[in-house]
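My request is simple: use the sequences and hints to build the entire structure.
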Amino acid sequence: MKQIIFTFLFSLLSVTMLGQKSLYDFQVKDIDGNDFDLSSLKGKKVLVVNVASKCGLTPQYEKLQQLYEKYKDDNFVVVGFPANNFNGQEPGTNEEIKTFCTLKYDVTFPIMSKIDVKGEDKAPVYKWLTEKSENGKIDAEVQWNFQKFLVDENGQLVDFVAPREDPFCDKIVNWIESAE
1 MKQIIFTFLF SLLSVTMLGQ KSLYDFQVKD IDGNDFDLSS LKGKKVLVVN VASKCGLTPQ
61 YEKLQQLYEK YKDDNFVVVG FPANNFNGQE PGTNEEIKTF CTLKYDVTFP IMSKIDVKGE
121 DKAPVYKWLT EKSENGKIDA EVQWNFQKFL VDENGQLVDF VAPREDPFCD KIVNWIESAE
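In terms of our numbering, the sequence shown is residues 1 to 180.
Any given hint might turn out to be false.
Unchecked claim - No more than 20 Å apart at the CA atoms, straight line, and that leaves these computed lysine to any residue pairs for SDA-like:
id	residue 1	residue 2
1	Lys29	Asn94
2	Lys122	Lys44
3	Lys127	Thr58
4	Lys132	Trp144
5	Lys98	Gly33
6	Lys98	Val28
7	Lys171	Lys122
8	Lys54	Thr93
9	Lys122	Lys104
10	Lys72	Cys169
11	Lys70	Trp175
12	Lys118	Phe26
13	Lys104	Pro91
14	Lys44	Asn154
15	Lys21	Ser133
16	Lys127	Gln27
17	Lys42	Asn154
18	Lys44	Asp73
19	Lys122	Gln20
20	Lys122	Asn94
21	Lys54	Arg164
22	Lys70	Lys122
Note that these hints are calculated values from the structure, not bench results.
Laid out in structure tokens, this is it:
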């Protein structure tokens, strides 16, 4: 028992000493250009998704909205980050993206300003999401639009789901519904 406690405390101390970040350490801009402090999501499970309006996977907006509606009262939120990193599939301005999301898919979950999710200009929050050296968990380079990152109520990265996976796949639903 002492060994287990010691191991746990050492692990906790190691993470703290390394300065391991959480989702809550980032501030981004929302789709309207306002500051959005991700620490405002403390206590919620967060599904972070890079989105695009001219992609074959764009209809996932509808299911992401349905997922958000179904679980938003259970401390869950979807956060969309538009990105134009894959074949120019998000060419619009923030205003055009907002109009598209609202009119076509009635999106009410938070959408942030357009960012880069890969490459030299990768946004800091995506650097954290995709690099084990930053998140302490996994390397998960963004493969395409609509890759989904699961972040727990403490702001720690849990896992990711490939872009083509449905937002209502078992992995996501089981994670949302699990008591942690």
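Comparing the hints with the structure gives:
no. : hint               : verdict
1   : Lys29 with Asn94   : holds, 11 Å
2   : Lys122 with Lys44  : violated, 25 Å
3   : Lys127 with Thr58  : violated, 23 Å
4   : Lys132 with Trp144 : holds, 19 Å
5   : Lys98 with Gly33   : holds, 11 Å
6   : Lys98 with Val28   : holds, 16 Å
7   : Lys171 with Lys122 : violated, 27 Å
8   : Lys54 with Thr93   : holds, 13 Å
9   : Lys122 with Lys104 : violated, 28 Å
10  : Lys72 with Cys169  : holds, 17 Å
11  : Lys70 with Trp175  : holds, 14 Å
12  : Lys118 with Phe26  : holds, 17 Å
13  : Lys104 with Pro91  : holds, 17 Å
14  : Lys44 with Asn154  : holds, 8 Å
15  : Lys21 with Ser133  : holds, 10 Å
16  : Lys127 with Gln27  : holds, 13 Å
17  : Lys42 with Asn154  : holds, 6 Å
18  : Lys44 with Asp73   : holds, 10 Å
19  : Lys122 with Gln20  : holds, 19 Å
20  : Lys122 with Asn94  : holds, 18 Å
21  : Lys54 with Arg164  : holds, 15 Å
22  : Lys70 with Lys122  : violated, 31 Å
In summary, the numbered hints that this structure violates are 2, 3, 7, 9, 22.
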